[in-house]
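A.B. asks: Chain by chain, the residues run as shown.
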Amino acid sequence: MDPVIFLIQCLNAIQYGLLLFLVASGLTLIFGIMGIINLAHGSFYMIGAYMAFALEPLVSQYLGGGFLATVLACIVLAALLGYFLEWAFYSYLYHREHLQQVLMTYGLILVFEELRSIIIDNDVHGVSAPAWLSGTIPLSDVMTYPTYRLFISAVCIVVAVLMYWLLSRTRLGMMIRAGASNREMINSLGIDINRLFRIVFALGVALAALAGAIAAPVSSVYPGMGNAIIIICFVVVVIGGIGSIKGAFIAAMLIGFVDTFGQVLFPQAAGVLVYVMMAAILLFKPEGLFKQG
Amino acid sequence: MKKALTGTALAIAMAFGAGSAAAEVKVGFMLPYSGTYAQLGEAIENGFKLYVQEQGGKLAGQEVTYFRVDDESNPSKGPDNANRLIKRDQVDILVGTVHSGVAMALAKAATESDTTLIIPNAGAGALTGPLCSKNVFRSSFSNWQPGYAMGVAAAEKGHKNAVTISWNYAAGKESTDGFKEAFEKAGGKVVKHLALPFPQVEFQPLLTEIAALKPDVVYTFFAGGGAVKFTQDYAAAGLNKDIELVGAGFLTDGTLKAQGESAQGLLTALHYADNLNTERDNTFRENYRKNFPKLPPDVYAVQGYDAAQMLDAGLKAVGGDVSKKDAMREAIRNATIDSPRGKFTLSKSGNPVQDMYLRQVKGEDNVLVKIAVPALADPSVGCKIQ
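Residue numbers (this note's numbering), protein chains in the order written: chain S, 1 to 293; chain W, 1 to 386.
Check each hint, because a few of them may be wrong.
[Claimed, not checked] If you want the footprint, here are the derived chain S segments under chain W, 3+ residues with CB under 8 Å:
{"hint": "1", "segment": "139-146"}
{"hint": "2", "segment": "211-222"}
{"hint": "3", "segment": "250-263"}
[Stated by the list, open to error] If you only want the chain W side, here are some residues facing chain S, beta carbon under 10 Å, derived:
{"hint": "4", "residue": "55"}
{"hint": "5", "residue": "208"}
{"hint": "6", "residue": "236"}
{"hint": "7", "residue": "237"}
{"hint": "8", "residue": "258"}
These aren't lab readings, by the way, just hints derived from the structure by calculation. Ideal Cβ positions, reconstructed from N, Cα and C, are used throughout, including at glycine.
Given these sequences and hints, build the entire structure.
C.D. replies: Here you go:
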């Protein structure tokens with residue numbers, strides 16, 4: 001492989017891995033800390049993307065526009081949605097079996113897809129990248145790299161650093177980590193676990209929506225886009241170790257590289273390589289790379 | 001003389017038909033009315049009903065009654081859904097469907113129960129190949145046809161090296177194989193076929209691979225959301241400046257609004273285009289717009305419309321008596337359909353032998369450039385009907 005092409009492929013791998021991390025980090029938080037298998041997480045990604053599409057004209061009308069304002073609006077609305085959903089639905093699931101959790105969250109997928117169909121429609125829509133990010137950077141003699149993809153990576157890195165800081169350096173992070181390792185203990189220490197869970201859930205939904213919103217200009221928005229990403233996100237969570245942000249980061253990167261180079265070097269096996277890797281890792285580390293608690 | 005005789009026979013048959021058999025034809029639509037393909041199902045049904053309506057609500061003097069089943073584009077429910085129409089509703093004619101996997105199940109059920117089936121979209125080669133049967137017809141295309149036509153057109157443009165790319169599933173394989181066959185017959189070379197798992201849309205690694213291979217032209221088979229994302233990523237990667245992107249028509253059908261600037265100028269091949277500007281097509285489009293203002297007259301509507309025309313041709317030959325299955329089918333097979341897309345006939349295997357158009361994207365239309373291949377017939381490999 002030509003060295004320039006090799007480097008571009010590495011860039012592709014990192015960029016894909018970072019985006020996966022952004023979606024999966026929320027999932028691993030919810031899964032690890034609240035113990036809920038949230039199949040509807042992909043729907044939050046979808047909701048974020050559709051909000052970026054639908055809110056853009058509204059934001060430019062009332063707030064003077066701007067891509068960042070749109071994304072910010074998506075995050076705020078998604079967090080509110082998460083807060084509401086936790087109160088209305090998820091809070092009833094903590095003491096239920098996994099099967100019941102799967103049933104309810106799967107039901108939510110159907111509800112969200114139907115709402116999407118009613119409120120927006122069933123068409124594919126493009127979302128344009130902001131003008132200041134729509135340029136490209138020449139990489140080889142025929143290929144250019146869109147600036148916007150680099151922007152996505154930058155956002156993901158910033159979010160990763162912020163989350164690391166939040167979890168390891170703040171009081172909220174300490175409570176979340178404590179909650180992940182021993183739920184009863186933290187409750188008996190006088191911390192309102194219900195409120196904590198509600199915040200974690202809102203955070204997870206906001207992260208997924210953020211990922212959807214910033215991915216929208218490169219992925220376009222289309223029906224079923226959430227279902228396409230949820231499976232690979234569960235792979236990230238399982239490989240990384242349930243509840244571990246660090247694990248999710250490393251797993252997402254691993255998947256980014258395996259998937260990217262697998263498609264190029266072993267095109268016939270590209271579909272299964274990631275899952276083979278997952279099976280191999282689970283064989284030696286049944287609880288994932290960085291099991292919490 | 002011969003014509004006069006058939007005319008008389010027809011009149012007699014009609015006279016008898018009107019007296020004895022119930023003057024009704026039951027048509028069963030098995031189409032996607034929900035999910036990603038819902039709009040396609042609606043367009044097909046609209047097209048079919050438009051033709052029947054133009055004939056005064058009757059085909060060959062028979063009232064047409066409709067039955068509908070939503071196939072959900074779900075192959076595992078295919079046999080059950082098909083039997084709902086065949087056994088419960090006892091339809092005379094089946095019309096369906098969009099998804100190739102479901103169409104396979106439908107074709108099997110139709111053949112087992114000896115029901116006439118007209119496929120208004122699904123392009124799987126097997127349907128008019130190994131699975132072909134005297135009761136199965138198609139009003140659309142085989143996946144091979146647009147691929148082959150584009151291969152001819154790409155070679156004519158002087159391209160020598162090509163890369164093909166699609167999802168790793170049957171339709172993509174059949175389409176890119178068609179391209180390869182024509183392109184290499186004309187002296188070109190397909191240097192590599194790239195595939196990614198369905199329905200993945202992270203194209204960046206494969207685009208980088210294309211940049212490394214530097215072919216003259218890239219042929220692609222994507223549809224819907226995948227088509228939008230692929231053209232956008234292709235343009236964003238700057239590849240469109242040096243390496244021409246071409247595709248099967250689905251790359252730019254019903255997706256142009258979302259694709260925006262990235263699709264402008266793309267060449268694709270299909271059996272329909274937006275400005276054929278024939279009297280037949282203009283009338284069809286005008287009538288369709290009048291009756292169904294919400295949906296544009298597109299290739300799917302045409303396919304539904306022509307399914308009704310094929311049925312009409314068959315029914316006319318037997319004076320509306322659907323119990324004369326063999327004669328009706330023989331008539332469909334030998335019919336010349338005056339389609340909005342242009343006249344077409346059917347091959348022995350039941351697939352349209354039709355002009356394939358080269359189209360170019362201008363604004364939100366796929367504008368006709370020229371006929372890429374006239375009267376192209378699917379090779380129907382594996383079909384035993386001779």
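A.B. asks: Now tell me if each hint is right for this structure.
C.D. replies: Against the structure, the hints come out as follows:
no.	hint	verdict
1	139-146	holds (count 6)
2	211-222	holds (count 4)
3	250-263	holds (count 4)
4	55	violated, 31 Å
5	208	holds, 5 Å
6	236	holds, 4 Å
7	237	holds, 6 Å
8	258	holds, 4 Å
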